[in-house]
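4 protein chains.
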Amino acid sequence: MFIKRTDLALEARELWQESAERTTRLMGVKATKTKLEGYPVTRVDILDHRGEEALGKPQGSYFTIDLTTFWQRKADFFERAVRAVGTELKALLPPEGAVLVVGLGNAAMTPDAVGPLALDSVLITRHLLSAMPKQFAGFRPVAAFRTGVLGTTGVESAEAVRGLVEEVRPALVLAIDALASRRCGRVCATVQLSDTGIIPGSGVGNHRSALNQETLGVPVFAIGVPTVVDSATLAADVLEESGAEKIDEERLRDHEPFMVTTRDIDQQVRDLSKVVGYGINWALQDLEIEEMNALLS
Amino acid sequence: MFIKRTDLALEARELWQESAERTTRLMGVKATKTKLEGYPVTRVDILDHRGEEALGKPQGSYFTIDLTTFWQRKADFFERAVRAVGTELKALLPPEGAVLVVGLGNAAMTPDAVGPLALDSVLITRHLLSAMPKQFAGFRPVAAFRTGVLGTTGVESAEAVRGLVEEVRPALVLAIDALASRRCGRVCATVQLSDTGIIPGSGVGNHRSALNQETLGVPVFAIGVPTVVDSATLAADVLEESGAEKIDEERLRDHEPFMVTTRDIDQQVRDLSKVVGYGINWALQDLEIEEMNALLS
Amino acid sequence: MFIKRTDLALEARELWQESAERTTRLMGVKATKTKLEGYPVTRVDILDHRGEEALGKPQGSYFTIDLTTFWQRKADFFERAVRAVGTELKALLPPEGAVLVVGLGNAAMTPDAVGPLALDSVLITRHLLSAMPKQFAGFRPVAAFRTGVLGTTGVESAEAVRGLVEEVRPALVLAIDALASRRCGRVCATVQLSDTGIIPGSGVGNHRSALNQETLGVPVFAIGVPTVVDSATLAADVLEESGAEKIDEERLRDHEPFMVTTRDIDQQVRDLSKVVGYGINWALQDLEIEEMNALLS
Amino acid sequence: MFIKRTDLALEARELWQESAERTTRLMGVKATKTKLEGYPVTRVDILDHRGEEALGKPQGSYFTIDLTTFWQRKADFFERAVRAVGTELKALLPPEGAVLVVGLGNAAMTPDAVGPLALDSVLITRHLLSAMPKQFAGFRPVAAFRTGVLGTTGVESAEAVRGLVEEVRPALVLAIDALASRRCGRVCATVQLSDTGIIPGSGVGNHRSALNQETLGVPVFAIGVPTVVDSATLAADVLEESGAEKIDEERLRDHEPFMVTTRDIDQQVRDLSKVVGYGINWALQDLEIEEMNALLS
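Protein chains in written order, with the working numbering: chain A, 750 to 1046; chain B, 750 to 1046; chain C, 750 to 1046; chain D, 750 to 1046.
Derived from the structure by calculation, the hints contain no laboratory data. Please read these numbers as outputs of a predicted model, since none were measured by experiment. Where hints are given, some of them may not hold.
If several chains are the same, the list does not tell them apart, and a pair holds so long as it fits within one copy or across any two.
Under the rule of at most 27 Å between Cα atoms (straight-line distance), these lysine-lysine pairs were calculated in the BS3-like manner [as the list claims (entries may be wrong)]:
#, residue 1, residue 2
1, 1023, 883
2, 883, 823
3, 782, 883
4, 1023, 823
5, 779, 823
6, 1023, 779
7, 1023, 782
8, 883, 779
9, 784, 883
10, 784, 839
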């Protein structure tokens, strides 16, 4: 069967449901919808191995914040997005302990640059707390690491992070990465949070490369932003939007796949990465957005 | 009818021929195929108003150099691409006179940055010839202009170029721009040369914005590299590749169009822009590629 | 005699006064001091040819805003700097008419990048007023031009600006450039405004390259930020600060001069360029700083 | 006494000798001069604790390659510089074993960017050897790490490197850093190699932050390029060049010091960083410069 490629739990569930064969109920998965700051939020819980198998993702909670209306740039769109991401993240993370934020991906390749770009907006405090513990007592310790890519480091991201975890001894790791979505409309218009760790380069099945509790020894949380869509998935998507009743998926099976992104990706990645970075500050520090602006300028 | 969007004369001709209604012969258009340095070259001549109407482009000659195999990086792929582009361009341009090379597009938006990026590889000589005419007697005078984009200049590219042409008085203008193709396989794998001028932002029908003999008072040649594909066109393309006999184009008509590009666009635009810049040097100056390397480092 | 190199009228006057020979009064020059938003402002008026000769600068008014305390980053330091620069500039410029803002210098060479960097913070409105005159009726028309440098354009900045002035027909030109100061303490800590035009590359005596009423046909105002200091001038400066009573200037005469800048120039140029850009918006548009932030993000 | 600030062993020795008090012989230090590829090389060996005390640097060998004539851009200047640096480095390093190359410094601050910029020209092979050991059997394993700066990571460079050394287990670490020189003429015109490790931020006396055998458990070699000069040192330098017989150093003592660099630092750092990166390839891999060009493009 033609597989629509996605890194979003939300879409994995959609695809399961859309599939013609699925007349039965999806067991081991629970989904709930809410709204936060005007942005829709979908929570998908994968509860057991039935859910894991059906959706192809590890057990845990996945929150998808739908920022489609962000791009209408209505009143306070940026601040609301930061608070939406930050509030969900705060609820997901343990309330205390040092944090190591890891930016995965290639800063020189725009659709892969969400991780390093978001880190530019994260407040780094570990060294300040270490040097002046009294003056910075109100801050939570945060360190950051940009993994780079294998071709320019020679070292798997997971190896490098493991070495750093040994030295820094954080209470948790928070990993930021670019994702693949099944829909162009979700590119740079969605943020997914999860408590399940991350496999860089998404699901290539290389277990040594996973960033999770098992490989790093501390809980690993993930923030992802979809920036690319598989070409065959896009084709199916466009046809469906155009009113085609049913795509003959056989047709798409043999197509040599490649990943596409939008023409406006430079601006979109820049803006969403800032939302992610500020959202992390919102979750970890007791600061207003104005104060973040001042500290990061 | 669903219109497959393209800026390539080659593809406009393909589309005309593929169209179910076209059982008649395409009048006013001539096409010939050759090879140069291992790369296929297609020449499309639009001979009269029948050709103009059929293909939606002004009368003149269009050369499309197919650099698909460039990305296999076989022996001398870069040098051969430069010579292929340079040789065709040299045959197209008047053999003498000062040249103003215009880089259109937005340097901060990767799929739109071909123009400004290519200029970084063009040898600029006008000021040297002006200051030391004897020492640089072997060079052809070349000046360059980066138009930027309307949102950051407030001035239409054509206006700004016209002002500069008045001052610099070149024998010809050579404009570099990013194009839209109907096929992902041609993105950053094709170079189109033409002697017909250019309409920035492609065919929006704004005659004031055209760069051509009529608006600038000197002949205008164009070099374009496709970097984006319309989403509906991509969908049709993927389905065709997948063996679908015939796409129901009605389906695609109502789809809200957007432009997509490849995930690897940063590297691809960088590499092809260098081919274009060096190809221009090859056409205008009497230099080996090694010498260009030394002069541009 | 050893010449301390400077582009600031304020410093040219200082140097005249410090000179041992000057026991007479400086004729044809008037200087006054005020404060604006907490920042000291010195106005030097060169009134006639005696002043021109003494200070080596054309007749006109020069305002130097001393932003030394900017770097202490006290309350509202950025907003106050923008208002100080903006208020002086507003008083200097004609109250109406379209403006062409010209950013001189090399964006790829940090100490020379003030012009192009400042333009990134200037609101460009000419095209909006042209397309939707009613909706944007409250704005003053502003266009922008980045001249680049001779080595990458082949065209003198003055030539290119003259061509654009012919097309755009602004009421005035406002040119932004990097300057040389005699004191390291003024590097990225001073803004000079003047109504006298500008000679790019400062005072090389090439009259064809001047941007002024004579060469462009419209009034030319200038904003400059010192980013470099001549090495011999720095040496004299350091010795004086260190308490040396009198430098033997003969010693410095034969020294091969070169320009130096500070180690922190990247951050300093970025910050001061934003002050300049916002200051221009403050002078030309009826907007609060918050509104500029929203429009430029 | 006024201290002329330097990170170069060569200059520390010069300063010792120039000092008026030094009528005795410098014990515990040996210096020899040679030429390599047309560039002068000075070797300073600090042999024992007397040498350490006199020069303020740890025991070991320091090679200074004088690339002043590089900037005359005579025949093969780049290739000769690469071979000079590469040949000295090859003689200094153990002939076998995996190498971790560490780029220290701030990529966003030009005079501090030598480390990260040089890494862009280093061939990274560890992952290739790991995935395809037979195909890449001719290469020596090389991994790379960009430490970033404390303010953007929260982690001391030495901590992060130690964690990575634990994972990667290299036979040696090779650290690249920007240095301070006492002379402007040596800025981006000198490369220092040593087998003594490195203290980032140079000699602030923070032993925890050193990168050396003691802190990392493997031998640490260093490559440094001076990019800044202390302002008081520059002043003394300029006065001396100008023929002053003797500087009254008392004068310079109270001067508030700051670091300066040259106006052309962007281009100079880019060019010298490439020399360093290619020099490392020359020392570690069996490759011609042409082959490096092909592999790094």
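Hint-by-hint comparison with the structure:
When the C-alpha separation of residue 1023 and residue 883 is checked against a cutoff of 27 Å, the pair qualifies neither within a copy, at 29 Å, nor between copies, at 34 Å. In the homo-oligomer, the alpha carbons of residue 883 and residue 823 lie at most 27 Å apart only across protomers (22 Å), although the nearest pairing inside one protomer, at 41 Å, exceeds that limit. Taking the closest pair of Cα atoms, residue 782 and residue 883 never come within 27 Å of each other, the shortest separation being 42 Å inside a single copy and 43 Å across copies. Proximity of residue 1023 to residue 823 under the C-alpha cut-off of 27 Å is found in both arrangements, the shortest distances being 17 Å within a copy and 25 Å between copies.
For a Cα distance limit of 27 Å, the shortest separation of residue 779 from residue 823 qualifies neither inside one copy, at 32 Å, nor across copies, at 52 Å. Neither within a single protomer nor between protomers do residue 1023 and residue 779 lie at most 27 Å apart by alpha-carbon distance, with minima of 30 Å and 50 Å respectively. For the homomeric pair residue 1023 and residue 782, the shortest alpha-carbon distance inside one copy (25 Å) is at most 27 Å, but the shortest distance between copies (43 Å) is not. Taking the shortest alpha-carbon separations for residue 883 and residue 779, neither the intra-copy value of 45 Å nor the inter-copy value of 49 Å comes in at or below 27 Å.
When the C-alpha separation of residue 784 and residue 883 is checked against a cutoff of 27 Å, the pair qualifies neither within a copy, at 39 Å, nor between copies, at 38 Å. Within a single copy, residue 784 and residue 839 get their C-alpha atoms as close as 16 Å, which meets the 27 Å cut-off; across copies the closest is 47 Å, which misses it.
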